[in-house]
Structures are given as C-alpha cells and as structure tokens.
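**Student:** Turn these sequences into a full structure, and let the hints guide you.
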Amino acid sequence: MLKVSFIKKNKKKIFLGLKKRNYYKFYIINYILILNKESKKLKFKLDNLRYYINFFSKKIEFFFKKCEKEKIKIMINYSFFLKKKRKEKNKKLKKINNKIFENLIKIPNIPFEEGKKKNNLLDIDNKIYSKKEFFLKKNEKILSHWELGNKFNLFSTKIGSIISGNGFNVFINKGALLQRSLIQYFLDKNISSGYIEYVLPYLVKKNSVYGTGQIPDKKSQMYHINYDNLYLIPTGEVPLINIFCNKIFKESELPIKATTYTSCFRRESGSYGTKVRCLNRLHQFDKVEIIQINTCKNSYFSFNEMVNHIKDLLISLDLPFRIIKLCGNDLGFTSALTYDFEVYSPGQKKWLEVSSVSNCTNFQSNRIKLKYRSYNGKIKLCHTLNGSSLAIPRIISAIIENYQTKNYIIIPKVLIPYMKMEKLL
RNA sequence: GGAUAGAUGGCAGAGUGGUCUAUUGCGGCGGUCUUGAAAACCGUUGAGUGUAAAAAACUCCGGGGGUUCGAAUCCCUCUCUAUCCGCCA
Numbered sequence: 101m102l103k104v105s106f107i108k109k110n111k112k113k114i115f116l117g118l119k120k121r122n123y124y125k126f127y128i129i130n131y132i133l134i135l136n137k138e139s140k141k142l143k144f145k146l147d148n149l150r151y152y153i154n155f156f157s158k159k160i161e162f163f164f165k166k167c168e169k170e171k172i173k174i175m176i177n178y179s180f181f182l183k184k185k186r187k188e189k190n191k192k193l194k195k196i197n198n199k200i201f202e203n204l205i206k207i208p209n210i211p212f213e214e215g216k217k218k219n220n221l222l223d224i225d226n227k228i229y230s231k232k233e234f235f236l237k238k239n240e241k242i243l244s245h246w247e248l249g250n251k252f253n254l255f256s257t258k259i260g261s262i263i264s265g266n267g268f269n270v271f272i273n274k275g276a277l278l279q280r281s282l283i284q285y286f287l288d289k290n291i292s293s294g295y296i297e298y299v300l301p302y303l304v305k306k307n308s309v310y311g312t313g314q315i316p317d318k319k320s321q322m323y324h325i326n327y328d329n330l331y332l333i334p335t336g337e338v339p340l341i342n343i344f345c346n347k348i349f350k351e352s353e354l355p356i357k358a359t360t361y362t363s364c365f366r367r368e369s370g371s372y373g374t375k376v377r378c379l380n381r382l383h384q385f386d387k388v389e390i391i392q393i394n395t396c397k398n399s400y401f402s403f404n405e406m407v408n409h410i411k412d413l414l415i416s417l418d419l420p421f422r423i424i425k426l427c428g429n430d431l432g433f434t435s436a437l438t439y440d441f442e443v444y445s446p447g448q449k450k451w452l453e454v455s456s457v458s459n460c461t462n463f464q465s466n467r468i469k470l471k472y473r474s475y476n477g478k479i480k481l482c483h484t485l486n487g488s489s490l491a492i493p494r495i496i497s498a499i500i501e502n503y504q505t506k507n508y509i510i511i512p513k514v515l516i517p518y519m520k521m522e523k524l525l
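For the first sequence, counting from 1, position 3 maps to 103 in my numbering; every step adds exactly one.
Note that these hints are calculated values from the structure, not bench results.
Watch out, some of these pointers could steer you wrong.
Claimed, not checked - Keeping only pairs whose Cα atoms sit at most 27 Å apart, straight-line, the calculated DSSO-like set for lysine-lysine is:
1) K520 with K274
2) K199 with K140
3) K192 with K169
4) K103 with K137
5) K397 with K411
6) K306 with K274
7) K125 with K140
8) K206 with K119
9) K120 with K319
10) K103 with K140
11) K191 with K137
12) K206 with K125
13) K141 with K227
As the list claims (entries may be wrong) - Pairwise CB distance ranges (calculated):
14) K112 with F144: 25 to 31 Å
15) N307 with I348: 16 to 22 Å
16) K350 with K319: 32 to 38 Å
Bear in mind that the values here come from a model prediction, so they are computed numbers and not experimental data.
Just so you know, even glycine gets a beta-carbon here, dropped at the ideal spot from N, CA and C.
**Tutor:** Given below as structure tokens:
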C-alpha cells in the first residue's frame with residue numbers, strides 16, 4: 101500500500117509507474133488527492149472545535165471550584181452546541197478517511213525505476229544456463245512428465261481427482277521420495293546460506309492475507325473457510341512475512357532471512373488447457389520459500405543475493421533454465437521488481453516458471469507496520485522480498501523429463517545422498 | 001462448546017471521571033570519564049496532521065459507537081490475546 105504523503109509528493113512518478121503496468125485508473129489517484137484535501141480541511145475545523153471544547157471544560161472546572169453556578173450554565177450551553185457540530189464533522193471525516201483507504205488499497209506497487217539510483221542490478225543477459233548432456237539418443241522419443249509419471253509409477257492426478265477433484269495430485273512411492281528429497285535439499289541449501297527455517301500455519305486470518313497484499317487483489321484465487329473466516333495460504337510468503345507483523349527491528353539486526361516449506365493452495369479459476377495439464381498447475385502444491393527483510397537502502401543487495409541463490413540451486417540441479425525480468429505489465433500487485441526463473445521442459449517443449457524473486461519495497465511493510473530503527477534513531481518502513489526456492493511439482497517434471505533415458509530416470513548428483521539411489525527404475 | 005481475565009508509547013508496566021499535557025523502569029540516541037571498551041554519571045528520546053524547514057495547535061491508550069461540560073478511566077459492540085474446564089490428535 102502506498103502512503104498518501106508519497107502520492108502527494110510523487111504524483112508524476114506514480115503516473116509513469118502505473119503506465120508501465122498498463123494501469124490507467126489515474127482518476128483513483130486524483131480522487132484520493134481530492135479526498136485528502138477535504139479531509140485536511142475537516143481535520144483543521146475539528147481541531148478548532150476540540151480546542152474550544154477543551155477550553156470550556158477547563159473553565160467549567162475552574163468555576164465549579166468557585167461555585168459560580170450561572171457562569172457554568174452558560175459555558176455548558178456553549179459546549180453543548182459545539183459538541184453537536186463536532187459529532188457531525190467527525191462522522192464526515194471518518195467517511196472520507198474510509199474512502200481514501202478503500203481506494204488506496206486498490207493501487208498496486210510502483211515499478212522499480214532503472215538507472216536513477218545506484219542500485220547495481222544483477223545483469224541478466226537472456227542467457228540460457230544449460231545442461232550439457234541430454235540422456236536420450238537422437239531417435240528415441242522424448243516423453244512428457246505425465247507419460248513418465250505413469251511409466252515409472254511416480255504420481256497420479258487420476259487418483260488425486262478421485263479423492264479431491266480435478267487439479268489435485270498424488271505422489272507415489274519413489275515420486276513421493278523425490279518430492280521429500282527435493283524439499284530437504286532446498287531447505288538444507290537455504291539454511292546453509294543463512295536463512296532461518298520456520299514451520300508455519302497453512303490457515304491464516306484475513307488480516308494476514310491483507311498484509312501481504314493478496315486482499316483485495318487475489319481474493320477470488322484463494323480458498324476461504326467460511327465457518328471460521330480463515331484463508332488457506334496461496335504461498336508460504338503469507339505466514340512467513342506476517343511473522344514480522346508490527347515489528348520494529350534495529351538497523352543492525354537487518355537483513356532478516358527466513359525460509360519455510362509449505363503446501364500452497366490456489367483455486368486457479370480461469371486457467372485451462374495445457375497450462376493446467378498434470379503437474380503444471382495444481383490446486384495444491386508444495387513449495388520452499390525464502391524471504392528477506394532489509395532497509396530501503398539495501399533491499400536491492402538482498403534482491404541480487406536471492407537471485408544468485410536461486411540461480412545456484414538450479415545450476416546445482418543441472419537443469420536448463422533462463423532468467424526473465426518481468427516488465428511492468430506482468431508484475432505482481434505488490435512487487436516493484438521481479439525476476440522469473442523458467443526451466444525448460446523438453447517433453448512439452450516449453451518453459452515452466454519454477455521461481456520468481458520479487459522486491460516488494462515498502463508496499464507490504466506499510467500494511468503490516470514492519471519498521472526498523474535506523475542508526476540515527478528514526479523509524480522507517482522496511483523493504484520485504486520473497487522468492488520461491490523452488491516450486492516442487494514443476495521441478496519434478498523438469499527433472500524427470502531432462503534426466504530420462506529409455507529404461508530409467510537418472511537422479512541428479514546432488515539428490516543422490518537424499519534419495520540413496522542413482523536411478524529411478 | 002462453556003467460564004474468566006485482559007489489550008496503554010520500541011519493550012515492561014502504573015494509572016478507575018477534571019494538573020494525564022500519560023508516572024516509572026529498560027531500551028535507543030548524544031555526552032562526560034577512558035588509550036579503547038564496559039560500568040557509572042549527565043542530557044535527550046513515541047507516532048500522526050501541520051510547515052520549505054521549524055514553531056504553535058490538535059489527534060492518537062486494540063477498532064467502532066454511546067454517556068458527560070469533560071473519558072485511558074463509565075456503558076454497548078466488534079476484533080484479538082491469555083488462562084481454566086470439556087472434547088480430541
């Protein structure tokens with residue numbers, strides 16, 4: 101959520117930023133500014149009324165002690181009149197402030213401006229980081245992950261659909277082991293890079309999904325439990341960021357680095373076709389998540405660090421992947437800058453998004469009141485960053501497609517200690 | 001599901017109708033002393049609106065509403081938290 105004071109001072113910047121997102125509802129911005137002016141005027145009048153009411157009440161006390169009853173009566177009459185006025189104006193003010201808030205939460209974050217600041221962003225030269233060898237011979241047919249899953253009995257969306265309906269998957273035997281190994285491997289890697297592990301609730305309060313910006317933007321994409329008014333988390337980022345709700349860090353304590361493994365739940369209404377085929381898109385999937393919290397000065401260092409971390413993970417798995425900087429149009433609601441990581445799926449002949457690293461600047465921390473006390477003693481909003489490390493089902497499909505041979509699937513080197521085997525037969 | 005207690009500044013915690021303009025302690029920032037540090041001592045220290053910056057002034061004691069000339073304090077309501085009982089992995 102943007103601050104009104106920020107909008108006031110940076111109107112042009114915001115218009116430019118929103119244009120990049122193809123967000124043209126500038127009237128909302130103007131409306132907010134008009135309402136803000138009105139609110140200021142009213143506040144001024146209210147302050148004056150307040151002042152006189154306080155003034156009279158003190159006089160009353162004074163006369164009361166002197167037992168001057170007639171003067172008290174006059175004072176009370178004055179006050180009574182002022183009080184009525186105050187109530188009316190107060191109601192108006194609250195209405196206006198509510199309207200400002202309602203409109204404010206509809207505005208997405210402003211995209212990162214390149215070049216202006218000295219935040220040396222990591223170069224991504226549209227390079228494809230590639231696995232050197234492919235294990236199939238030229239004349240052998242490349243199978244898709246659903247064919248492989250069937251062939252080696254690793255998972256079944258059919259069984260999933262029997263239990264829970266379309267869009268749910270069941271991992272079986274070695275498939276389940278592969279998922280568990282990946283989770284363990286990713287967590288180990290994150291922890292050794294300084295991320296603290298958390299195990300977190302999958303059901304969260306409305307306040308939490310508001311805090312990370314899923315409400316109002318992504319409300320219809322989340323599962324909601326009416327009975328208890330709780331939401332199923334669409335990503336581990338939600339509980340992981342909300343741990344730090346209302347916190348004030350010392351600058352010396354930053355950056356905070358945290359990681360968690362959770363299942364994620366998404367309704368995915370509106371998705372169809374090959375996009376949702378098998379493991380490509382599920383209503384429930386598992387993911388290891390990392391976040392960082394840093395100062396406004398250093399958040400882009402954190403960003404680079406996270407991008408490099410994910411890059412290393414993918415390189416260690418020896419999968420062909422590319423990094424894409426999202427243009428304003430594709431940016432998530434809360435993000436100012438996002439890099440997507442896509443892994444190549446030879447069976448489907450397309451790229452699968454397995455991670456995205458975002459800097460949400462102070463957009464989320466303004467909502468959850470996450471601040472830090474800087475070295476000079478002043479309190480400022482933190483910057484929050486998040487990234488997947490990584491989305492499990494898509495990594496699994498990429499691994500089995502890239503590592504397939506005619507008779508078995510090779511296990512990537514780094515996973516062998518976890519799987520305690522070298523191939524899936 | 002039943003019962004009770006509670007929500008006060010960065011944190012702890014006092015305050016039950018009018019000097020609350022919120023006591024105090026810890027923490028933070030600045031200084032003295034010291035080769036440096038610790039300790040001790042001294043000073044300073046919440047947020048918001050306002051302003052070019054300041055100052056004045058006002059608002060803010062979980063949210064909303066009410067009683068009153070006057071509310072952190074009384075009443076209603078909502079949200080959240082804790083404890084006990086019941087049920088249960």
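**Student:** If a hint holds in the structure, say so; if it does not, say that too.
**Tutor:** Right, here's what the structure says about each hint:
Of the supplied pair hints, the one linking K520 and K274 holds, its CA atoms being roughly 11 Å apart against a limit of 27 Å. Proximity of K199 to K140 is assessed by CA-CA distance (about 14 Å); at most 27 Å being required, the pair is judged to hold. Among the hinted pairs, K192 with K169 is inconsistent with the structure: their alpha-carbon atoms are about 35 Å apart, more than 27 Å. Among the hinted pairs, K103 with K137 is consistent with the structure: their alpha-carbon atoms are about 15 Å apart, no more than 27 Å.
Taking the CA atoms of K397 and K411, the gap is about 24 Å. The hint holds against a cut of 27 Å. Of the pairs offered as hints, the one joining K306 and K274 is violated, with about 38 Å between alpha carbons and a cut-off of 27 Å exceeded. The hinted pair formed by K125 and K140 meets the criterion: a straight-line CA distance of about 24 Å does not exceed 27 Å. Annotation: proposed proximity of K206 to K119 holds, straight-line Cα distance about 15 Å (limit 27 Å).
A hinted pair counts as satisfied when its Cα atoms are at most 27 Å apart, and K120 with K319 qualifies at roughly 24 Å. In summary, the hint linking K103 to K140 is supported, as the alpha carbons are separated by about 15 Å, within the 27 Å threshold. For the proposed pair K191 and K137, the alpha carbon gap of about 16 Å is at most 27 Å, so the pair holds. For the suggested pair K206 and K125, the alpha carbons sit about 10 Å apart, so the restraint of at most 27 Å is met.
A threshold of 27 Å between alpha carbons decides the hint, and for K141 with K227 the separation of about 56 Å lies outside it, so the pair is violated. Separated by about 27 Å at the C-beta atoms, K112 and F144 satisfy the suggested range of 25 to 31 Å. About 18 Å separates the C-beta atoms of N307 and I348, a value consistent with the hinted range of 16 to 22 Å. Taken as a hint, the range 32 to 38 Å holds for the pair K350 and K319, whose Cβ atoms sit roughly 35 Å apart.
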